[in-house]
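There are 4 protein chains.
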Amino acid sequence: MGGLLYHEVIRRGLSRLIEVRRVVYSGRTRFQRVDIVDTEVFGRMLFLDGISQLSTLDEHIYHESLVHPALLTHPEPRRVLIIGGGDGGALEEVLKHRVVEEVVMVDIDEQLISLTRRYLWEVNRGAFDDPRVQLIFRDGREYIDECSENFDAVILDLTDPLGPSRRLYTLEAYRGIRDIIGDEGIMVTHAESPYIYQREFLTIHRTLSEVYRIVRPYGAWIPSLGPYWMFITASNVHDPKAISPGEIERRLRERGIETKYYTSELHGAIFTLPKNIMEALKRGDAGLSTDERPLERLL
Amino acid sequence: MGGLLYHEVIRRGLSRLIEVRRVVYSGRTRFQRVDIVDTEVFGRMLFLDGISQLSTLDEHIYHESLVHPALLTHPEPRRVLIIGGGDGGALEEVLKHRVVEEVVMVDIDEQLISLTRRYLWEVNRGAFDDPRVQLIFRDGREYIDECSENFDAVILDLTDPLGPSRRLYTLEAYRGIRDIIGDEGIMVTHAESPYIYQREFLTIHRTLSEVYRIVRPYGAWIPSLGPYWMFITASNVHDPKAISPGEIERRLRERGIETKYYTSELHGAIFTLPKNIMEALKRGDAGLSTDERPLERLL
Amino acid sequence: MGGLLYHEVIRRGLSRLIEVRRVVYSGRTRFQRVDIVDTEVFGRMLFLDGISQLSTLDEHIYHESLVHPALLTHPEPRRVLIIGGGDGGALEEVLKHRVVEEVVMVDIDEQLISLTRRYLWEVNRGAFDDPRVQLIFRDGREYIDECSENFDAVILDLTDPLGPSRRLYTLEAYRGIRDIIGDEGIMVTHAESPYIYQREFLTIHRTLSEVYRIVRPYGAWIPSLGPYWMFITASNVHDPKAISPGEIERRLRERGIETKYYTSELHGAIFTLPKNIMEALKRGDAGLSTDERPLERLL
Amino acid sequence: MGGLLYHEVIRRGLSRLIEVRRVVYSGRTRFQRVDIVDTEVFGRMLFLDGISQLSTLDEHIYHESLVHPALLTHPEPRRVLIIGGGDGGALEEVLKHRVVEEVVMVDIDEQLISLTRRYLWEVNRGAFDDPRVQLIFRDGREYIDECSENFDAVILDLTDPLGPSRRLYTLEAYRGIRDIIGDEGIMVTHAESPYIYQREFLTIHRTLSEVYRIVRPYGAWIPSLGPYWMFITASNVHDPKAISPGEIERRLRERGIETKYYTSELHGAIFTLPKNIMEALKRGDAGLSTDERPLERLL
Numbered sequence: 001m002g003g004l005l006y007h008e009v010i011r012r013g014l015s016r017l018i019e020v021r022r023v024v025y026s027g028r029t030r031f032q033r034v035d036i037v038d039t040e041v042f043g044r045m046l047f048l049d050g051i052s053q054l055s056t057l058d059e060h061i062y063h064e065s066l067v068h069p070a071l072l073t074h075p076e077p078r079r080v081l082i083i084g085g086g087d088g089g090a091l092e093e094v095l096k097h098r099v100v101e102e103v104v105m106v107d108i109d110e111q112l113i114s115l116t117r118r119y120l121w122e123v124n125r126g127a128f129d130d131p132r133v134q135l136i137f138r139d140g141r142e143y144i145d146e147c148s149e150n151f152d153a154v155i156l157d158l159t160d161p162l163g164p165s166r167r168l169y170t171l172e173a174y175r176g177i178r179d180i181i182g183d184e185g186i187m188v189t190h191a192e193s194p195y196i197y198q199r200e201f202l203t204i205h206r207t208l209s210e211v212y213r214i215v216r217p218y219g220a221w222i223p224s225l226g227p228y229w230m231f232i233t234a235s236n237v238h239d240p241k242a243i244s245p246g247e248i249e250r251r252l253r254e255r256g257i258e259t260k261y262y263t264s265e266l267h268g269a270i271f272t273l274p275k276n277i278m279e280a281l282k283r284g285d286a287g288l289s290t291d292e293r294p295l296e297r298l299l
Numbered sequence: 001m002g003g004l005l006y007h008e009v010i011r012r013g014l015s016r017l018i019e020v021r022r023v024v025y026s027g028r029t030r031f032q033r034v035d036i037v038d039t040e041v042f043g044r045m046l047f048l049d050g051i052s053q054l055s056t057l058d059e060h061i062y063h064e065s066l067v068h069p070a071l072l073t074h075p076e077p078r079r080v081l082i083i084g085g086g087d088g089g090a091l092e093e094v095l096k097h098r099v100v101e102e103v104v105m106v107d108i109d110e111q112l113i114s115l116t117r118r119y120l121w122e123v124n125r126g127a128f129d130d131p132r133v134q135l136i137f138r139d140g141r142e143y144i145d146e147c148s149e150n151f152d153a154v155i156l157d158l159t160d161p162l163g164p165s166r167r168l169y170t171l172e173a174y175r176g177i178r179d180i181i182g183d184e185g186i187m188v189t190h191a192e193s194p195y196i197y198q199r200e201f202l203t204i205h206r207t208l209s210e211v212y213r214i215v216r217p218y219g220a221w222i223p224s225l226g227p228y229w230m231f232i233t234a235s236n237v238h239d240p241k242a243i244s245p246g247e248i249e250r251r252l253r254e255r256g257i258e259t260k261y262y263t264s265e266l267h268g269a270i271f272t273l274p275k276n277i278m279e280a281l282k283r284g285d286a287g288l289s290t291d292e293r294p295l296e297r298l299l
Numbered sequence: 001m002g003g004l005l006y007h008e009v010i011r012r013g014l015s016r017l018i019e020v021r022r023v024v025y026s027g028r029t030r031f032q033r034v035d036i037v038d039t040e041v042f043g044r045m046l047f048l049d050g051i052s053q054l055s056t057l058d059e060h061i062y063h064e065s066l067v068h069p070a071l072l073t074h075p076e077p078r079r080v081l082i083i084g085g086g087d088g089g090a091l092e093e094v095l096k097h098r099v100v101e102e103v104v105m106v107d108i109d110e111q112l113i114s115l116t117r118r119y120l121w122e123v124n125r126g127a128f129d130d131p132r133v134q135l136i137f138r139d140g141r142e143y144i145d146e147c148s149e150n151f152d153a154v155i156l157d158l159t160d161p162l163g164p165s166r167r168l169y170t171l172e173a174y175r176g177i178r179d180i181i182g183d184e185g186i187m188v189t190h191a192e193s194p195y196i197y198q199r200e201f202l203t204i205h206r207t208l209s210e211v212y213r214i215v216r217p218y219g220a221w222i223p224s225l226g227p228y229w230m231f232i233t234a235s236n237v238h239d240p241k242a243i244s245p246g247e248i249e250r251r252l253r254e255r256g257i258e259t260k261y262y263t264s265e266l267h268g269a270i271f272t273l274p275k276n277i278m279e280a281l282k283r284g285d286a287g288l289s290t291d292e293r294p295l296e297r298l299l
Numbered sequence: 001m002g003g004l005l006y007h008e009v010i011r012r013g014l015s016r017l018i019e020v021r022r023v024v025y026s027g028r029t030r031f032q033r034v035d036i037v038d039t040e041v042f043g044r045m046l047f048l049d050g051i052s053q054l055s056t057l058d059e060h061i062y063h064e065s066l067v068h069p070a071l072l073t074h075p076e077p078r079r080v081l082i083i084g085g086g087d088g089g090a091l092e093e094v095l096k097h098r099v100v101e102e103v104v105m106v107d108i109d110e111q112l113i114s115l116t117r118r119y120l121w122e123v124n125r126g127a128f129d130d131p132r133v134q135l136i137f138r139d140g141r142e143y144i145d146e147c148s149e150n151f152d153a154v155i156l157d158l159t160d161p162l163g164p165s166r167r168l169y170t171l172e173a174y175r176g177i178r179d180i181i182g183d184e185g186i187m188v189t190h191a192e193s194p195y196i197y198q199r200e201f202l203t204i205h206r207t208l209s210e211v212y213r214i215v216r217p218y219g220a221w222i223p224s225l226g227p228y229w230m231f232i233t234a235s236n237v238h239d240p241k242a243i244s245p246g247e248i249e250r251r252l253r254e255r256g257i258e259t260k261y262y263t264s265e266l267h268g269a270i271f272t273l274p275k276n277i278m279e280a281l282k283r284g285d286a287g288l289s290t291d292e293r294p295l296e297r298l299l
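Residue numbers (our numbering), protein chains in the order written: chain B, 1 to 299; chain L, 1 to 299; chain A, 1 to 299; chain F, 1 to 299.
Among the clues, some could well be false.
Because identical chains cannot be distinguished in the list, a pair is counted as satisfied if it fits within a single copy or across any two copies.
Unchecked claim - DSBU-like, lysine-lysine: derived pairs with alpha carbons at most 30 angstroms apart: (1) K275 - K260; (2) K96 - K260; (3) K241 - K275; (4) K96 - K282.
Quick caveat, the hints were computed from the structure, so don't treat them as lab data.
Put together the whole structure using the sequences plus the hints.
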């Protein structure tokens, strides 16, 4: 009954208590508070500034959902850019695609990556040491604004739109990414929760829709995160809904990808949304997130 | 910060704190503790014995998911039996099907239904007064065991397998229902959560599989319940996966059904499960729930 | 385990969870949020703006400690003024003193008093109906500022120094009271907690010391309030420490007072404080609470 | 808001949430779960099996209250036995008495003492290294039962009566201690909380009263423990109430004792109890704690 708990505020009026077996690490980097704890229910968990980021028990659901739909929709993603993703889980999934020749990962927080390499090895499993990886410790938005290279795919694996990461959820950021991927590329971002943070989800969707022709939301339930979670792919040519499960299956095999959660059949199902979410998207009354007025998750 | 909270234990090591604006009703019936509270986040919520049953904000997700896939899979469900469902939400969805001529609803707790009629009108909206409805206050399992009538569909809308309701999650109960629906009928039950209560979900699935040829799990996320939630249809002839969205659409129109969450496209998607759940189902190492050793949700 | 709780923040970093059996009343008056709840541990409790005020189980400890030391120190308190005290508990204790001929009670919140008369009868037991009582619904500070009458004793039974009640914890308020009681009178206030809210306690003490020659802190532990609680008497002539237990005993009998907690021996003991509190008082480095910069309890 | 908390159940229906800055140590010894955490409010705290034992902010209140009243009541305590007290705080206070020539400390948990020496140095400050100290790692009750030595004073500094420590709260244990101290000695024990654990307090008091002629309860509020806390001295000849503050003051000086909380005046005050506690003690309807039916704190 008594003992150590992690208290996570989901939003004003709703929170969770998670029993903690052991505090593996708890401290501050230059950029954020980092808590890595072993829990009764979800295995090892990572919290940044008090908000759950992943658990060893179900991080594959999150990372497979974030990475594979977009990367498999692209016929030949050779160069991939990851913004954020300091735990290395997205990186690990990207590297599973044999076709990928180079991954640039830009994370602002070098200390965080030292911590996740040490304490969350189960999540990144040596991914940081893959010769195809180039790690850059820098503000993601700055990198995007100054980037003159091209990438086939950009993956936004960010903390929620609170504080500095907000500048990676804006029209200007999405335009910068479009310049990087061109018309032939694809991007993906996680996109908050469809009911609990509906305003945030709709704002991200609308802002992407200003920049890209094909914007496809889909979701997954990751137990340790609490609410259901959304993702959105955006591209000017690539439509994940338009690719048959057969083609997805072929690419999975060709690229040598083993998954625990994602399948080609699931790819065919996840882009079908419930009526209430589709109608909320259609209403189109969400705000636009801009550098001047960036989206901020309300607490 | 301070004030009234509802504390709900999800399972050992995990709980939720939900801010309460107003306690609408709190007391005990002959069978269970009933709390009806207005919350900050989910509107009005119903708790039975401390476990969340529904909220006015999202009960349609639960009830549409419980009722429509099974009833639309059946070509002509004229007589429907609901066991449990004291809030009337499932009843309301069943009655939307014009083809339904008679609904028998068996709930053990008459006082609960008085309370839900009074305080959760938004959920049942006069459904109890529909002339097609016959309300029987009796133990659901007893009713099944002694029933000599036939029904086209049986809907199990139960409290979780804790206490007396456990006897409605057993092999013997499912056999009794099969006798009631015969080879031509279909049944559906909610089936706990695929990760958080995985043992419970797999046990229900395996037990149904002993009795029925076609057993189809599917899921939905209902925000106020916390974890993702599963449902399972079971039948000897009717396969919800085998019906095309077009046919579902036709039946929706023919029966005059308006929904907020469910669509024919969604019907085509929800039966596709992630790999980890499919593999857990295939392992087939779940226990069997019997009257002698009924499934009990661990706390 | 699960169920209704009252969450009370004691201060930043420390809070309590109190199991609630029944919410008796919960709403807002013009001035404050009022929650009256039946708890597992403390009987019926009153919370104002989320802060515990009393419980039926131990309110006598609070009210006897607030009223009797000051009133028994005064040789003949015939006219008594209570500021605040909307639950009527202090009033009941004052009326026990036969010598008291008139009590004026000034509380800003008429609705609160209707609620406490109805739901906390056990606390006030008809005290409001005593013919010696005059009830005035008005801001306490305004009353003090405009009062041209004299009283033998003034009892401050206020909410904590948060929001409007802060103006009753200032130098100006204490001076106004001194004008009302003159050199022959005595006042008493509750004074926060000696460790948990030490700054607040020391500030009240220092501010009173600017106005009165004899300032005597003493304490009591009231289980339902959580932390230990302080009170302070202030007067220019009456010193509760200087009166022998024998004289207190004589006055108790003469005035016909029955108590549950307070005794003449206890009177002789409570003014002896631990060394650490005495030293904190002697350091004299506490701030002064003035109308311009009133004391405010930090959260 | 979010983050690490320590949840302590005070009793069924009442608990505390304490914000944790850092987990210094968390693990199990052979005998108990040990959590040492740095908190926002109370400095460093020690929890055994989820129950708060002390904080660096106020341990002096507890340890001075436990040790000095009994030891100063004895005219010449040269040999002192401490049972429990694994944090070394009571030991430190005992050693302040110059007159003490030898202290035997018996604690069952050697690992706990290693931990408190390392992480709670602020509490024991080298006390374990004093040449007058003999440390024995053994079950306290066994030691008492087999002890053939004499001591002038015995100090019980135990965990609450839950689990194995219950055998140190029984008639048989108190008789064994009387055999050790003889008619000339004195013992003291902490004695739970007068309201929150009233049954427990009264049972300890009654059980001691079966063995000793002079049994004197007194209390102190130690903020980090939550509820007000009681202690009881027991002896056949020494009465702490019968010694004048002047004599206590003389002994304090003679023995060279510096305190932060306790004073000779306080000694004169603390044995005066409120009426409700005195009456509860007089009712004499508490149970007797025996080896066969030992007191157990209810949760």
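Hints numbered earlier in the text: which of these fail when held up against the supplied structure? none
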